[in-house]
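Chemist: Protein chains in written order, with this note's numbering: chain A, 1462 to 1729; chain B, 116 to 384.
Be a bit skeptical, because a hint or two may be false.
[What the hints assert, rightly or not] Distance ranges between label pairs, derived from CB positions:
| id | chain 1 | residue 1 | chain 2 | residue 2 | range |
| --- | --- | --- | --- | --- | --- |
| 1 | B | Leu303 | A | Pro1475 | 29 to 37 Å |
| 2 | B | Lys118 | A | Ser1584 | 20 to 28 Å |
| 3 | B | Ala192 | A | Asp1674 | 34 to 42 Å |
| 4 | A | His1700 | B | Arg288 | 41 to 49 Å |
[Stated by the list, open to error] Keeping only pairs whose Cα atoms sit at most 35 Å apart, straight-line, the calculated DSBU-like set for lysine-lysine is:
| id | chain 1 | residue 1 | chain 2 | residue 2 |
| --- | --- | --- | --- | --- |
| 5 | B | Lys118 | A | Lys1563 |
| 6 | B | Lys268 | A | Lys1577 |
| 7 | A | Lys1577 | A | Lys1534 |
Don't read these hints as lab results, they were simulated from the structure.
From the three backbone atoms N, C-alpha and C, an ideal C-beta is built for every residue, glycine too.
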Amino acid sequence: MSLLEVKDLRVHGPARELVHGISFSVEPGERLGLVGESGSGKSLTAMSTVGLLAHGLRAEGSVLLDGQQVIGKPDRALVPLRGPVAAVVFQDPRSALDPLMKLGEQLAHPIRRRAKREGRSLSATALRAEQLRWLDRVSIADPERILTSWPHEVSGGQRQRIAIAMALACGPRLLIADEPTTALDVTTQAEVLDLLDTLARDEGLALLFISHDLPVVARITDRVIVMQQGRAVEEGPVHQVFTRPRDAYTQGLVAAAQQLEAAVRGMQ
Amino acid sequence: MKKTSLWIGAILVGINVVIALLTLVWLPYDPTAMSGGRLAAPSWAHWAGTDRLGRDYFTQVMIGARIALTVAVGAAALGGLIGTTLGVLAAFAQRGFDDALAATLDILIAFPTLLLAMLVVAASDGASLGTAILAIGIAMSAIIARLVRILTKRVLAQDYITAARCSGLGWGRIVLVHVLPNIAPTVLVAIALQFGLAVIAEASLSYLGLGAPPPNASWGQLLQSAQSTVFNAPIGVIAPGLALMALVLGINFLADGLRDLLDPERGAA
């Protein structure tokens, strides 16, 4: 059974339709990239799969997350699905953490919930060990200090790592990454991508990776869907889509990326 | 400078609080007893003179502090509680309820507090401390609710809320863990500012006879009864007026200081 199966998903805004019927599936352990320009509906599509659309937006069609229908379910019915099945990492590390809560406390929340869900009791020492283990998993140096720090005291890259740790601490099987590296500088971007790559492999996670950055998507995903104006214009293995694009829009995207690369090489 | 206004505010409000608490256990004179000549000028025995019936005026001003603070604290607590609850509900509500609530709040804000107080008094057994608290509290709750609604919506739009939902946190816990702590600083400052207005509103209500009945008279009522003798004994107007001014000024200084303290970005700028 597919971990995520989306059929003819449509998202309606207050005035018009924003996503016009998109279908795809994600198998356990598979890595799917959603590519497209801003406003192409890639984030809307991803958020619909976990029932987290903003107020005023409505999804139609069918989304089976771990075999359970998401569309049309009340929020309360979806709460138990989120976390153990799917978790999200966002674009902006500044708003991904509660500014008024120490990092250790924020990280403790998903750990405690997971323990409660699995019926384990969690002592203070066990909790601390888990916190340190997760910070270690996301390669954070000096985890002891980080636990007692406030979000504004650490760098953007570290915040994004902590956000990833919080998402993974829920124990999901699908990680939805919504432009997780866009707001970071290039070096940090590469580090965070490597980290996501390693973690997904180690934890056997399926990845739904959303980005407008073709090289980034090419690096981390197996299969890719190209979206334009709320439609999927091309789908296939990442290698094939980026080397032999069929759709005119994809060809344009790839050509633009190549031009940029050539320009950068020319400068060197 | 920021710290100065906080300290001035704290001292002015502190003096009022101490006096208000003191009146519960000790008073210089019995507020209903004739303890001196009629309309006596200020003296060592009667710091603010005496009123028309020869009662010690300073004692009454002291009691006034207690009434003012009781009404303000009660109204702030009531307004804060109702306002926060309504505001959070409105932020979560579907469009229909949200719009209805927003319209109701706008009407309530446009409605003069005095008129509201008269309605509350008319609907109950007559003017008392309770009706004053209720009227001012309701008026205050509308302003707080509108603020809380916007603040809550802003917090709910943050990624950490979506992340928390996605990790399986229910709405109730999200409000307790993330929303309330994040809106608290701004709401507390707003309540502190409203607190000053509540003191003035209480004085206005009792000036019109819609506040606490005598002998536990508030400053508004003292002003009103001293009005007819203002030229013979100006202290009757000056004393409660000064007390009222000191308390309201103190509260506003304190609220300003608090805002600077709780808003690090403003403080740094």
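Chemist: Against each hint, give a clear statement of whether it holds in the structure.
Modeler: Now the hints, each set against the structure:
{"no.": "1", "hint": "B:Leu303 with A:Pro1475: 29 to 37 Å", "result": "holds, 35 Å"}
{"no.": "2", "hint": "B:Lys118 with A:Ser1584: 20 to 28 Å", "result": "violated, 43 Å"}
{"no.": "3", "hint": "B:Ala192 with A:Asp1674: 34 to 42 Å", "result": "violated, 52 Å"}
{"no.": "4", "hint": "A:His1700 with B:Arg288: 41 to 49 Å", "result": "holds, 44 Å"}
{"no.": "5", "hint": "B:Lys118 with A:Lys1563", "result": "holds, 26 Å"}
{"no.": "6", "hint": "B:Lys268 with A:Lys1577", "result": "holds, 29 Å"}
{"no.": "7", "hint": "A:Lys1577 with A:Lys1534", "result": "holds, 24 Å"}
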